[in-house]
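Use these hints to put chains B, C and D onto chain A, whose structure you have.
For the record, the sequence lines run as chains A, B, C and D. Quick note on our numbering: the first sequence kicks off at 217 and runs consecutively. Quick note on our numbering: the second sequence kicks off at 13 and runs consecutively. Quick note on our numbering: the third sequence kicks off at 5 and runs consecutively. Quick note on our numbering: the fourth sequence kicks off at 1351 and runs consecutively.
No wet-lab data here; the hints were simulated from the structure. It is possible that part of the hints are untrue.
[Claimed, not checked] Below, a sample of chain B positions facing chain D; criterion: calculated Cβ distance under 10 Å:
id: 1; residue: A213
id: 2; residue: P215
id: 3; residue: V216
id: 4; residue: N248
id: 5; residue: F252
id: 6; residue: L297
id: 7; residue: L299
id: 8; residue: T300
id: 9; residue: W302
id: 10; residue: D312
Using N, Cα and C, we set each Cβ at its ideal position, and we do this for glycine too.
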Amino acid sequence: MRERTLFISAIVGIGLIAAGFAVATQANVMPPEASTRAVAVDQLFRILLGVSTVIFLLVEGALVFAVLRFRQRPGDDRPGPAIHGNTSLEILWTLIPAAIVVVIGVYSFQVLAAIEVPGLGPRVVEVVARQFSWQFRYPEADLATTELHLPVGQPVIFQISAEDVIHSFWVPAFRAKRDATPGQISELAMTPIEVGRFPIRCAELCGAGHAIMTSEVVVESVEDFDAWLAEQQAMANDPAQIFLTMGCGACHVLTVAATTGTIGPSLDDLPGVAGTRLAGVGAADYVEQSILAPDDFIVSGFPPGLMPKTFFQRLTPDQIERLAAFLLDQP
Amino acid sequence: MTTASASVSWRRYFWWNTDHKVIGVQYIVTSFFFFILGGALAGLVRAELASPATDLLDGATYNQVMTNHGTLMIFLWVLPVLAGFGNYLIPLMIGARDMVFPRLNALSYWMIPPAGMLMIASFFAGGAEAGWTAYVPLSIGGPPGQTLWALSVMLLGISAIFGAINFLATVIMMRAPGLSIWRLPLFVWGMIATSTLILTATPVLTSGLIMVALDRVVGTHFFTVTSGGDPVLWQNLFWFYSHPAVYIMILPAMGIISEIFPVFARKPIFGYRMIAMSSMAIAILGLTVWAHHMFTSGMDPRLRVPYMVSSMVIAVPTGIKIFSWLATIWNGKLRLTTPMLFALGFISMFLIGGLTGIFLAAIPVDLHVHDTYFVVAHLHFVLFGGSVSAVYAGLYYWFPKITGRMYDEKIGRTHFALNFIGTNLAYLPMFIAGLMGMPRRVAAYDASFTSYNQWATLGALILAASTLPFLYNAVLSWARGPKAAANPWQALTLEWQTSSPPPPENFPEIPTATGDPYDYGEPSPAAEPAAAPAAG
Amino acid sequence: MSHQAMQHAEDFRAGHALGLDHRKLGMWLFIASEVMFFGGLISAYLHYKYTLGFPETTDLNVVLVGINTMVLLTSSYTVVSALTAIRQGRQGRFAALLLLTILLGVAFLTGQLYEFADLYRQGVTLTSGVFGSSFFTLTGFHGLHVAVGVLWAIVTLFRGLRGTLNAEHNMAVEIFGLYWHFVDIVWIVLFTQIYLIV
Amino acid sequence: MQGSATRPEKGRPSYGVIFLGLVILTAIELGISVLRVLPPLSTALYLLFSGLKVALVAAFYMHLRQDSRFYTAAFVLPALLLLVFALLTIAI
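Same shape as in the complex, but just chain A (with noise of 0.2 Å):
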């Protein structure tokens, strides 16, 4: 009797290590590798799963088991056997899943070690978070986008922060989110792999557009990276630019921008409506006005306080006055 349970427990053990195994390796659920942090983070994911696998297997196999091999036969309503406590069986499995933990915890450990470092001389990007847009500045062009360009294969840092409420930067395909806490910069170094598009998302709610919250990072080659720099730099001075970069669409709907946000008031009917919103302000004043201390005009049905106040610190009077004259000669 005794080869028979160690011959049926081997044969169980070795099925269920085949069983982690496969679901470990053949499980497809995450977003593609495209940094050195993901390939190491899924390194440690596919672990985590096959051992979960392995003891999810094992703990639903005797209950099911359990069930029905043990289940009370009809007529027979004997007590089961007397067992109080096995000490040795206790002591093993406290000290399995004890080693378990402990392996997991040091693997972790060297893999979080691994991936906090940047690289060789990163690129530092500021990423700037705001009430339901992200946005972007190269310190070393002194640029600022709503779209992140990173060359592949280079180092990069992100210095993290918000203007407004707790975000959270994102980005799936890379494995990492850091939160963006108002009043510190916190730092998210990686190192993107693969070309692609890959999405952007804000993962702390902050409040009615949490989720239209999103971006998207660009991973190009080093040519084509300096040819979009270069290019950005040129359309700084651009309204329709300045009007995107500091993500306007987000609330606003523009159309010669394509622009459809629904939270702040349309702005295709401004040319028409500026000069007569405020008696004796004339349009250019009122729309440079109302871009610098939004509260001032509220448009009836639109919620205050929504919108940023920070204008002034981020674009040069000059911008101001090139994106007010763009709203207001929209063909």
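Just chains B, C and D now, with coordinates in the frame of chain A:
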């Protein structure tokens, strides 16, 4: 002395009454009302998420529905219903006539309805929109409903603290003669561990909520970033309570499971002392792990590792419990009644929750899956698959004792089937949606997650449907069900040694506990089974 | 039949075997939760003290508050003497000492309010900044607990004068004493953390 | 009806002596503060004296020294927990 079956008038349940059995039922029935309300809000959430765009609810309304769903389910359903079980059962299980402070007991119940009304009122005053976690500065701005919400949660916290004082003092002071701590039923051990956590963790949340309320109403600068306020401080104050809160919600549930398995396997609990000590170990460790909710926050990165270690260590006592339960039913004579089915369902679903908890404890994986639907799936498997399954198991198991009538077994089994299918269908797809990149608390999502969300919505529909047979069964059986015997399950714990429902003073005279409360089964060689403890 | 099961000594046999009284146990458990409540407020204050450096501008009137601390220490002494008096059945001395405690409590509160007024004059208010908020909330809640203690002392005094509290039945005085001494201990910690440690 | 069986009243210094001790300790602390002793030393002294005062009040005025160890645990364990939480909250 009133006769055992005093005429049960419904009115006493609606008025100040210091009988722990009346208070227990008051807690359970009131919290069930909030369970249905929270479930309806969950229905709204799932209906909105059936399609990628925000079509049913706009962003702000969705946040209110989601926030109140979470808060109602935690503070007005799971915590009070477990307090209800504790109130009804602890005096009976330790052979006492009532709780040590009966009036304080009634007071802590009667803080629940006003707090519930306040929470519902906050919905209409432009409700709370910052999730049940109410992170600052988001929870500092926003409509006045958030302040009512904070007051309501404060009230519920204070009620829980009074309850914890009562439970701990009762178990320490009023155990029957012969009932040493190593003969206490494991549900009582669960309540001891839970009450210790409530007593030490809830006040910190109360102090945090006071700071939020002052910031909102009076204009203090606890969390105003421009004048130096630190949002991460709130996260510390909040999670110092809220992680122990999840253990507060699971430990009594584990206690219920430890009560049910030996009775329906007709076999002693396996490793009684290890399970009791594991409850306390989980409680103590639970107080040291709170910052694993903050791995991605602005906290100092070097401090994360100790929290990872202590969070992973908790898997060991949890594992001991699961393996001990398995060993309890192994080689037993399983009676697959509805409470047993729910207990088995608890094991398989809580296991999924527990294992995914280890993924979340590992920092590198957590940096990817934090605040995604992976976490939503994890917490629902642990809370809905875990605590709520155990609460259902407990409700069926003690239904004859509380009401004196038997529930209908067939309807109970349909309820279990629907509940089990619904839970797995609703929450398994969420794991994959989270891994693939769907953030948490979003009213709209990328089209690539549509199929996962539609399966989840279908699962939620089945869950909604599953509560109907339960309600029908509970109400009908309580009114017209067949009379139940004093000890229908031939259980050995003290609450089954008195009549069903028990008389106001619980026992004719205080019993003496001699045997071990789980002395089931025939000792080998097949001698006469150990005599049940002499009842009085 | 309002269920009011009369509690007899034998109900608490298990607790008495451990040398515990149910009312004192309840009080100590309540004190445990109060320790954690003040813990939350103190942690917030200390977090800001050591990250923002308090108090940046104003220097706190340590001498005045030092005297205030002496007042509260004295009130602890009078409370514990009152308990000894009631246990010896000396009702008069008990009432006198309890009245003295009430006066000392009120004196402490007055001193506290005087200091607050002085700070308000210097422009440090509840809403003036992070220091103002955390300082006034922390000391304010402690003051609130002292006020509740004073009211409780007044009730205990009347129960003493009416004779319900005497040599045999005086646990209520001991429970009040536990609460009062705990509030005094909280003040000792606050005095050190806020006023003394720089 | 003195419910709790307290341990025999060991040679406890009279409440007056303890009160005196408390007052003297507070006076010394005030002295240190007024004389503006420099932090590393003053902070150590303040912590030592305040700890001593808390212990005096708790042990004698609150009878922890003679009552069941359970009451001491109900007071000291949360205090330690609070200390851990406060230190970690300052650090994070």
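Here's how the hints hold up against the structure:
no.	hint	result
1	A213	9 Å, holds
2	P215	9 Å, holds
3	V216	7 Å, holds
4	N248	5 Å, holds
5	F252	6 Å, holds
6	L297	13 Å, violated
7	L299	6 Å, holds
8	T300	8 Å, holds
9	W302	9 Å, holds
10	D312	6 Å, holds
In summary, the structure is inconsistent with hint 6 from the numbered list given earlier, while agreeing with all the others.
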